[in-house]
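There are 2 protein chains.
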Amino acid sequence: MLVWKWLRLLKKKGLAVTIVEMTDRILPKMINEKFAKIINQHLVENGIVLKLGEKVQEIADFKGKKIVLTNNGKISGDFVLVGVGVRPNSEIAQAAGIKLGVSGAIRVDQHLRTNFKDIFAAGDCAVAINYITGKEYYLPLGTTANKQGRIAGQNSAGKNYMFRGIAGSAITKAFELYIGKTGLSVEEAIREGFDPVEKEIEGITRASYHPEKKPIWINLIVDKRSRRVLGVQVVGSEFVKAKIDEIALALLLEAKIEDIVDFDWCYVPPTSPVWDPLGIAALQTSKTLYR
Amino acid sequence: MLVWKWLRLLKKKGLAVTIVEMTDRILPKMINEKFAKIINQHLVENGIVLKLGEKVQEIADFKGKKIVLTNNGKISGDFVLVGVGVRPNSEIAQAAGIKLGVSGAIRVDQHLRTNFKDIFAAGDCAVAINYITGKEYYLPLGTTANKQGRIAGQNSAGKNYMFRGIAGSAITKAFELYIGKTGLSVEEAIREGFDPVEKEIEGITRASYHPEKKPIWINLIVDKRSRRVLGVQVVGSEFVKAKIDEIALALLLEAKIEDIVDFDWCYVPPTSPVWDPLGIAALQTSKTLYR
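Protein chains in written order, with this note's numbering: chain P, 1 to 291; chain F, 1 to 291.
Just so you know, these hints were derived from the structure itself, not from any lab. Small disclaimer: the values here were computed from a predicted structure and weren't measured. Cβ atoms here follow ideal geometry from the backbone N, Cα and C, with glycine treated the same way. One should not assume that every hint holds.
[Stated by the list, open to error] Output of the computed footprint for chain F on chain P, the stretches with three or more beta carbons under 8 angstroms from beta carbons of chain F:
1) 130-144
2) 167-181
3) 243-252
4) 257-264
[Stated by the list, open to error] Simulated pairs of lysine-lysine, BS3-like, Cα-Cα distance not exceeding 30 angstroms:
5) F:Lys11 x P:Lys214
6) F:Lys11 x P:Lys213
7) P:Lys214 x F:Lys214
8) F:Lys11 x P:Lys13
9) F:Lys65 x F:Lys13
10) F:Lys213 x P:Lys11
Generate coordinates for the entire structure from the input sequences, incorporating the hints supplied.
Set out below in structure tokens:
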């Protein structure tokens, strides 16, 4: 995620930046197709050259330059930043007989014990339980590492605290745009046996007459059968974290879509319209369900 | 609440403004004593003269000026703004035989029906159920009026939707400071038969190294016996609504304090520290409970 920060700094320094992405969109795991267009546009407006659906085949040195060869041509530049995901550094553990789980991360129970009862694991090397599906999940982020570290530390000193898991909450900032998600996408929800419906809205962050209002896009995912909230994706230049966090909490508490319509959010013109955009998204999603 | 907006505009115009408040603090129903000091200081820094614990006894005209006489002296000025709360305009309803409830507001059931089955009431004239206590409550705010109006309209046209009530969520902005609350204060919680504990923290709104970080004060109120979250008060210059809304949702879902520690909030340096201040407040409150 730090790559975004670098991008901004590189552009600030006046460098010409090209992103080559193998899939059809930036952040394919975080954001649906429609939201990807908003992000693409924002990147292009900030002077980034985007090459989507293009696969890097080789990175070569040539007369002091770097040459990136793709299936569609070549790009020449002063240097190349590679951001292709994260893998757990779990070889030592595996060699010692510690069992690995999903994505090759160290398998821990909810008390963060490995298969050796006196050995604990936490953070970017370890799995976490997804509290929506109850299954193992690997998403190495700072919040999870920090919480797991506290609990593993306490438990290794004799306590018996439980790490209740994660919802897959993540947020990043690309130039002025926050991009966030929590819970399951429609594709993930189908894979987990849910019958999901999603509803995307474009709202505003402040009262319609407030000079600083900005657009905010919210895509809520709900299970048709149980009406349970399954996830959300949010894009906008402010208040994105708030919406993600509200749904991350709703996911832990197994909230239904009507809970997101009915809860008593507060209101003052500089912080939202009277109908908070998350409330509007929830109301629109319930209408989709009633149909 | 609009009075705050006027205050800012009056100061912007260069007027000398004095607030006379009968109780020992501004917004006595929203904020505890410690937070009141933060607000008082902010008002004074913005050039407001504060007269607390002083009771207005008379407002008189004298040579084209207004004279405000208090139990402690007199203040002379060009005009006087009076903000002493809101009362429901329910006389016509009462005269027609419609029953009134708490604070003289029109009594409605959860379908927003009055005691006459074909007459509905909604908004600033009507009561709402407090979804923490299950009791009638009167807090005339725009969000409630808007939601009740939709439901009363739909129900009077044959639907049977339910208004699940309010948590007493409110937010206002005094100059640069947001002041918010939801749920019960400690005093209200005791009155309702809970055994509350409260824990106040001072956090920061963004990562400690982020140049735009600001202080944020959070006071969480929790029932000792059930560990149920009962309410929160928040003061700060950004992200206050988010914390209020998270707890307002938690109140509807009857969350326990550990849920606020354990839910998977998202994190990026411009939106919070790794440990979100609400998570810190919840963790500190659980420690208080464990003691």
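Here's how the hints hold up against the structure:
Check result for the segment 130-144 of chain P against chain F: holds, 5 residues qualifying (beta carbon to beta carbon below 8 angstroms, three or more required). Interface restraint, the segment 167-181 of chain P with chain F: holds (9 residues with C-beta to C-beta distance below 8 angstroms; minimum three). Here's how the segment 243-252 of chain P fares: 8 of its residues keep a CB closer than 8 angstroms to some CB of chain F, so the rule of at least three is met and the hint holds. Proximity of the segment 257-264 of chain P to chain F, defined as three or more residues with a beta carbon under 8 angstroms from a beta carbon of that chain, is established by the 5 residues found.
The straight-line distance between the Cα atoms of Lys11 of chain F and Lys214 of chain P is roughly 27 angstroms, inside the 30 angstroms bound, and the hint therefore holds. Taken as a hint, the Lys11 of chain F and Lys213 of chain P pair is honoured in the structure, with Cα atoms around 24 angstroms apart against an allowance of 30 angstroms. A distance of roughly 22 angstroms separates the Cα atoms of Lys214 of chain P and Lys214 of chain F; the hinted pair therefore holds under the 30 angstroms criterion. In summary, the hint linking Lys11 of chain F to Lys13 of chain P is not supported, as the alpha carbons are separated by about 41 angstroms, beyond the 30 angstroms threshold.
With a C-alpha separation of about 19 angstroms, the suggested pair Lys65 of chain F and Lys13 of chain F falls inside the 30 angstroms cut-off, and the hint holds. Between Lys213 of chain F and Lys11 of chain P, the direct Cα distance comes to roughly 24 angstroms. Compliance with the 30 angstroms bound is thereby established for this hinted pair.
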